[in-house]
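S.K.: Sequence:
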Amino acid sequence: MFADWLIRFSDYEQGDGDLNAFNRAMAAAEEGDTILFDRAADYNFSGTLQVTKSIGLWGGNPTNSTGGAQELRFANANTGIRVNDGALTTMQDMVVRSTNGTAGDFHGVHATAPIVMRNVFVRSFQGDGILLSGVAASGTTVVGSYLENCSVSLAGKSGYHLSGDLAHGCEVIGCSADNVGTRDIAGSDVGFLDESTSGNSYVMCHAALSSGFDYQCTGASARSSYLNCYSELPGTANISNPSVVFGGFMRGTITGGWLDPTSNGLDLSRTEWINLASLQPKFTAGSSVNDVLYEQASQTDDATGYYMMVVNAAGVVTYQMRHAGDAAKTAYSLTAAGGRGAGYLSTERLVARTVRVSSGTLAERPTTSTAGDTWAVGDLWFNSAYAAATPFFWKVSVVGGGGALTWVDGPNQP
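At position 191 of the sequence shown (counting the first as 1) the number is 191 in my numbering, and the numbers step up by one without a gap.
If you're looking for bench data, these hints aren't it; they were derived computationally from the structure. No incorrect hints appear here.
SDA-like mimics (lysine to any residue), calculated; alpha carbons at most 25 Å apart, straight line: (1) Lys395 x Gly360; (2) Lys395 x Ser358; (3) Lys395 x Ser359; (4) Lys53 x Asp105; (5) Lys53 x Ala29; (6) Lys395 x Leu405; (7) Lys53 x Arg73; (8) Lys395 x Gly378; (9) Lys395 x Thr374; (10) Lys53 x Glu148; (11) Lys53 x Arg118; (12) Lys53 x Asp93; (13) Lys53 x Val116; (14) Lys395 x Asn412; (15) Lys53 x Arg39; (16) Lys395 x Phe382; (17) Lys395 x Gly372; (18) Lys395 x Ser369; (19) Lys395 x Thr367; (20) Lys395 x Trp407; (21) Lys53 x Gly144; (22) Lys53 x Leu36; (23) Lys53 x Asp85.
Turn these sequences into a full structure, and let the hints steer you where they fit.
M.R.: Shown next, in the form of structure tokens:
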């Protein structure tokens with residue numbers, strides 16, 4: 001006995017074609033019901049399945065990425081499944097395939113409302129495999145959509161396409177795209193194309209043999225993240241800041257802002273998420289021995305290289321560059337003629353120390369550093385009084401004679 005929320009497709013078949021049977025099932029369904037494709041044989045639809053209510057679409061036979069005993073097949077020059085505005089739809093365990101040979105924007109699944117998809121395999125559509133489009137001006141949103149273990153192949157345009165100012169906050173997990181962009185339309189031939197305004201999350205996704213990039217997200221404000229995502233040779237990615245890449249395997253044009261990804265993952269020497277240098281100036285002679293310094297160096301004309309040496313002479317701490325191959329450990333010099341002193345030095349530095357953070361009004365902010373109330377360069381005083389266009393915080397920039405404090409403004413409050 002089936003639950004009253006389950007609509008069996010076979011109950012609405014009347015011998016006049018699968019599209020008419022679906023339309024009858026959709027008309028009978030109430031919000032929250034599920035249409036079950038319970039026939040063992042494949043389905044053949046002469047047009048698009050228009051989903052106009054918040055319902056579920058379930059395949060009766062879960063299949064694999066190469067197809068299976070049951071497919072939803074669509075006639076040439078048709079989008080497969082169209083999820084219309086306002087309808088929250090779930091789809092799972094089905095193959096959606098087109099006989100498309102006509103070039104055009106005929107998508108496998110086109111949603112302008114939030115959608116949840118699991119184990120859905122989309123094949124051979126001449127538009128995007130899966131298109132999620134949310135545009136505030138049009139009154140549509142796909143924010144919060146969720147795709148898991150889906151697969152797209154042989155799409156004429158992109159495999160997965162998330163587009164618009166209300167196409168963010170989506171999760172794409174364990175999904176794959178292969179052999180997409182068969183129409184070779186530049187910019188629309190991407191395995192995973194993110195054209196959202198605010199970004200989405202991609203986890204353990206896989207792309208291969210895309211006509212264009214395997215992954216692309218270049219929005220100036222899109223903060224998309226890619227965790228352990230892969231592309232097969234010779235695939236490339238085009239991901240720019242402030243989107244980020246964690247692990248995985250990608251190549252191509254990958255730059256970053258919040259966290260700076262490189263072709264091998266994250267290059268921590270260029271991380272900007274927490275810029276420690278903004279809290280503490282770079283080390284100079286006499287810096288506190290409680291500070292922490294990591295420095296590495298190399299010279300173009302000397303394979304042996306140099307190392308940083310901490311020298312404490314009569315309580316004065318200095319940091320000197322010494323040549324690793326010199327038994328006398330003579331100091332490094334940029335001006336020496338030829339040999340070990342020649343060339344140039346490249347360094348990477350991470351500077352950290354404990355920063356004092358206090359709060360109060362501008363009037364309460366200290367003016368001097370004393371033995372009982374010590375302040376150092378880089379310490380912060382957060383503004384406890386909200387006022388538009390006034391600083392969030394102030395930072396000590398100079399500790400002068402007699403402990404006099406010089407403060408610089410942080411960014412303003414909105």
